[in-house]
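Student: Protein sequence lines, in the order shown, are assigned to chains A and B. Residue numbers for the first sequence follow the numbering used here, so the first one is 1 and each next one is one higher. Residue numbers for the second sequence follow the numbering used here, so the first one is 1001 and each next one is one higher.
The set of hints was computed from the structure by calculation and includes no laboratory data. Ideal Cβ placement from N, Cα and C applies to all residues, glycine included. Be aware that a few hints might be false.
[Unchecked claim] With a Cα cut of at most 20 Å, we get these calculated EDC-like pairs of lysine to aspartate or glutamate: (1) B:K1164 x A:E189; (2) B:K1052 x A:D148; (3) B:K1213 x A:D148; (4) B:K1052 x A:D45; (5) B:K1052 x B:D1062; (6) B:K1055 x A:E189; (7) A:K51 x A:E41; (8) B:K1164 x A:D148.
[Claimed, not checked] In silico negatives: residues of chain B with every beta carbon more than 12 Å from chain A: (9) E1089; (10) S1216; (11) L1461; (12) G1467.
The primary structure of each chain is shown beneath.
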Amino acid sequence: MSAREEILDRIRAALSDQPAVPPVPRNYRQTTGLDAQALVELLVDRLVDYKANVFVEEPDGVSGRIGELLAGAGRFVIPPGLPVGWLAFDAEPARAVVDHPDHPLTVGELDAMDAVLTCSAVAVAETGTIVLDGSADQGRRAISLVPDHHICVVPVKSIVGILPEALQRLDGTRPLTLISGPSATSDIELERVEGVHGPRRLDVIIAV
Amino acid sequence: MSQISLGMPRIASYGSGNLFATESFPHAAHRDLDNAQLRANLGHATGTIREKRLKVVAELPDWEELREAGSVLKQQVMADLPRLLVQLEENVTQRGGTVHWARDAQEANEIVAGLIRAEGATEVVKVKSMATQEIGLNEYLEEQGIAAYETDLAELIVQLGHDKPSHILVPAIHKNRTEIRDIFLAEMAGVDPELTDDPRQLAMAARAHLRRKFLSTKVAISGANFAIADSGTLAVVESEGNGRMCLTLPETLITVMGIEKLLPTFLDLEVFMALLPRSSTGERMNPYTSLWTGVTEGDGPQNFHLVLLDNGRTAALADEMGRSALHCIRCSACMNVCPVYERTGGHAYGSTYPGPIGAILSPLMTGIEAEENNSLPYASSLCGACFDACPVKINIPEILVHLRGKDVDAEHAKRKLPSQMDVGMAAARVAFSSGRNLALVEKGLPLGKLMAGPDQKIKRLPGMAGGWTQSRDIPAPPKQSFRAWWKKEHVPTPDTSQTPDAAAESGEDG
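Same shape as in the complex, but just chain B (with noise of 0.2 Å):
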């Protein structure tokens, strides 16, 4: 980093709020896949959207351009960010709404919280909303007295269950739909006892429980997908009309976004109006889009704040390898492929972000030294099926990798003696750095075979090695390597092209 400081903060401001695993991931993981239920849940549900996914993206002959159109627009944002969000605040100034700015979470929520007492309100309606999520908002507020209702159903579910959100795009997605009825039963004020476990039941049980709330809330708390800079537009993507309702029927509008949100014209929003739908729901387009500009007079909220929010986001884009990560939509794409996320479910990353795109952004705002965060980098195969999936092309498997070295640099920095890791890899950087040593290692292979005993199984191996074995055994070692058993089947003859010298030297490294 530059020397040059103009007086500008140089340490990275961090984020708050629901970014922290509490535990690391291989722990929470290895519990959570142990229940079968959940895995069943999960691998019905991500498999039914990768399928739909894949269909309508397919019907475009143009995804790749959208693509990467989505991911240079992206960039560009970045690049440009801090005029493009005063040019926001411009028009959404000028057009009725008032901007405010948040720091981190806590900053925000009392922002928000300020904004519904002067309002007199001790209830608001809710849209679903990452960002709110991320500053514990709903929390917040209840320890303030006021009421915050979720009406978009698989947040609802989530509330009503007293649980926590599993996935970016269906936070109910590890609830099937007969533990749903149950919590409907259980927790539903006046639902019809009879009420069976058939989707639509539940949707218009939903529809019936909320549309009171709708009618007579007079504010709404909202997140958004899309600011536009050049208009002062937002955008709120959705398909229940729960988010309308939020957005049309009350008095006062308070929208909580990321500083990343931005884009810079109102026509940007064909290249993402195609990319979102068909990556999140596998839909040609999402039910309803809300696009609202600061106040119209007689046409919806008379009062609109909106407030901008950092908490980590500064300290992604200050990660040149890591700021891409910023680009993320929240489509959801890339946990719905991922063969990790598919196993554990969400709860298992512990952050509001879980999968793939959770693995890096979670990190890159708290910083990889924060609590149990430094594990989320690993949590993944490296199999690269994120970036494939993601419609802004974020190199996800590279961030990782990334993020796995600063985790390591970060932990070299801890301590003073090596670690197991560390002696490993020394010693395998000897065994590998010449055909010569490795053909020494190579002659402990019988050793091996020795130790996997009779079922030929190595089932434990000894110190962190034990990690690899906790769930699969390895196979028995051969009782020689490749190298010698090619070099005893090729004796070098006389007559081949190749002198005897040759031959042996490129048995020894090659």
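Just chain A, same shape as in the assembly (with noise of 0.2 Å):
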């Protein structure tokens, strides 16, 4: 017998009582209610409270803020499908390079790089987490994996509440990162340290 039917088999044997099990009770929170004010309040708050840096900006102050938050930056890493306009500020866009599908960025040029830009899918106030979700303005997952600064764009759209109304606007089947702050442990008697393998630098530009 295959490990395959071994294994199925002894499961129906173990469940030969055939355990009755009652309905799942959902009646926890769907939704908080909160209007777009609120919402971008308790996500500042939040990524505040990771150690994230937070910007809330005007459509066209978007593009001067990145220029600012780039300023002591070389090259950076940008997906194929970043609104053109956010770039504006630079006067050289040769700092930006774009990791496109047909031609990826090697490992070792993306650490070389000093920062990365994207946009988001979702993002969550209540815990403060950021979705990236692998579309054309977030790119692929390494490029905001290894550059150590992040630069994280959240359009004032993508903010839900609580988590049942991100997983409702996320298609499970790409290839997701919740990003709640940048990289940090706990593993030194259980105190937080913020950076460690992931981006240490997390800035968020959240786009009203």
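Fit the two chains together into the complex; they arrive one by one in their own frames, and the hints show the way.
Tutor: Shown next, in the form of structure tokens:
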């Protein structure tokens, strides 16, 4: 008998008492009912708590803010579908390197980048969580991981209150990354230290 | 159990690997309790995490509703496990992954080593994984000439220190910062000799040490926190980014996962991603969670293998009282609140799974008769703190009592002659069966007082009762029992409403 058949048989035998299970009681919150302004305030509070740097900008302020955040940086990587206007700050567009699906950057090239600039798919205010789903304005997972500085734009329309609302908006079969602050560890005496293997600096621009 | 076998295997198939205590819990605990540094480290760490957990749990108005949903969802998964596993397999395969099934630790280890060899690799990077710890994968790969590098900071500390994990979330919880610095200085190639014990500096040393490995290693090995049956999606929950590195950069990813890790649908993550981070690290959300489904062209590993592991899980599932132990999402909240764990630490439990959950899970997976695991269900005061903290409401105290019963039955089956415990219990049964008998026994109290001597403490009891006095004294019993005193103080008088007969009766039996 194959391992597969044997394990499935073992499970069926183990369940020979046919345990009865009640329906799942989903009496937890499905939404918070907060308005856009309250959602932004909550998200900012949570991100700051995680030691991310947060900026709330009008649409025409996004590009300028990105420029400021990249002031000291050399080259930075961008996904193929980033809104063009966001790079308007840069008189010297050669600093931005596109990671294109037809000619992706090598890991070594990514490691040489000073920063990465992406958009995001959904943000969850209550937990301060930003979700990337690999869309063209976010790129593949490696580009937002290897560079040490991640600048992430969160459009206000993508902010929801709690996780159930976020999952409704996502396609589970896309590669998803949930990011809640810069990388961190609590492995030494359970004290949180921000910044380990993932980007040590996370700048979030909320575009209202 | 039903006698209708339908050709199915009827003997429970127990797990192997690192699930066994090699000495009894009291023996191991006795030694570890002598380590004052260990106790200080554990007290500090568990105290910190308990406070954090309570704070973030209190923030949610619907915490109890989430727990209830999580508990019932897991019951559903167990009851429907064959269908959900096949559905997961179909979805993973359809999305370009390959699914393997492993009956036990040895089979899983062989599958993984074979996959690594097929890629021509001699080293792998690893994301922290309880399943691979359980099957002893690192040791097996080493025998096969394959180097496995742990990349989680705590696992790295344990690996460099040639140590064993002592906690499922923070495997190096038994080490303090100074001890960790000393391990890094002694074992980490190229480390700055000026390294201090500042946790930030230690984390940066680990970053520098592992960076090259992440960027160049071709094969990664992970566990999984959740697997979604209806989409074939796998999830790894982490903090440092080492998980993202391993799940994203290598060409080949091998995930080893217990068969109980399933969730029926993608939307069920709304329950478990609310329960897990708050229960484990006491955060509203962990820094990083990665979700992937099979292979995605142009993004992440292009070869994906999923190894589904039984290794005693079906034996646990067959125990109707104990099967809910499989609901465990490995948050570690139960060990952080456990007064026994806080004092002995995780090593005393022997198995990969320490603390209250380990005290039920290990014997359920190996059988209560296995090696020294029969002492684990007694490693508890049954205070119930673990049940209160468990995000999926596993009734750990109830299962501990159930397993103690199974252990007693197993011991009886082995022995012809009654043990001291049997004799004691039989005597207690007689003594407590009527007030008259108990009154007789109580006449022996002055004898106990005499035994206690001038300092009024009994320091050593005879026989197996000596275990009780090994680490504490018993105060001398009073001169007379409460019932004798009551009888003397409440001499029935003719004008009470009770008849003298009734009063005497209640004095005798009350």
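Student: The structure should be examined with respect to each hint, and the outcome stated for every one.
Tutor: Against the structure, the hints come out as follows:
no.: 1; hint: B:K1164 x A:E189; verdict: 17 Å, holds
no.: 2; hint: B:K1052 x A:D148; verdict: 28 Å, violated
no.: 3; hint: B:K1213 x A:D148; verdict: 16 Å, holds
no.: 4; hint: B:K1052 x A:D45; verdict: 18 Å, holds
no.: 5; hint: B:K1052 x B:D1062; verdict: 18 Å, holds
no.: 6; hint: B:K1055 x A:E189; verdict: 18 Å, holds
no.: 7; hint: A:K51 x A:E41; verdict: 16 Å, holds
no.: 8; hint: B:K1164 x A:D148; verdict: 32 Å, violated
no.: 9; hint: E1089; verdict: 8 Å, violated
no.: 10; hint: S1216; verdict: 8 Å, violated
no.: 11; hint: L1461; verdict: 40 Å, holds
no.: 12; hint: G1467; verdict: 33 Å, holds
In the structure shown, a violation is registered for the earlier hints numbered 2, 8, 9, 10, in ascending order.
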